[in-house]
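Whole structure, please, built from the sequences with the hints as guidance.
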Amino acid sequence: LDMNEFIAESALAAILLDKFPMVLALLPSEFDVIRSFFQ
254 LDMNEFIAES ALAAILLDKF PMVLALLPSE FDVIRSFFQ
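254 is the number of the first residue of the sequence shown in the working numbering; add one for each residue after it.
Worth flagging that the hints you see were computed from the coordinates, not collected in a lab.
It is possible that part of the hints are untrue.
[Stated by the list, open to error] Ranges between beta-carbon positions, derived for each pair: (1) Asn257 with Phe284: 28 to 36 Å; (2) Glu283 with Glu258: 31 to 39 Å; (3) Phe284 with Glu262: 20 to 28 Å; (4) Met256 with Pro281: 14 to 22 Å; (5) Phe290 with Ser263: 35 to 43 Å.
Virtual Cβ for every residue (Gly too), placed ideally from N, Cα, C.
See below:
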């Protein structure tokens with residue numbers, strides 16, 4: 254990876270992590286264990 258790709262991927266990762274709790278909210282109750290890691 255060159256520096257531009259690294260920065261772009263880091264920015265994408267930050268956005269995904271920011272939105273991840275909303276994605277978890279859409280999952281069924283079987284994923285409650287995972288939700289506890291992000292609270």
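Comparing the hints with the structure gives:
Take Asn257 and Phe284: their Cβ atoms lie about 35 Å apart, and the range 28 to 36 Å holds. Checked against the hint of 31 to 39 Å, the pair Glu283 and Glu258 passes, with Cβ atoms roughly 35 Å apart. In this structure, Phe284 and Glu262 meet the distance hint of 20 to 28 Å, their C-beta atoms being roughly 25 Å apart. The supplied range of 14 to 22 Å is broken by Met256 and Pro281, whose beta-carbon atoms lie about 40 Å from each other.
Look at Phe290 against Ser263: about 21 Å separates their beta carbons, and that is not inside 35 to 43 Å.
In terms of the numbered hints stated before, the structure departs from hints 4 and 5, listed from lowest to highest.
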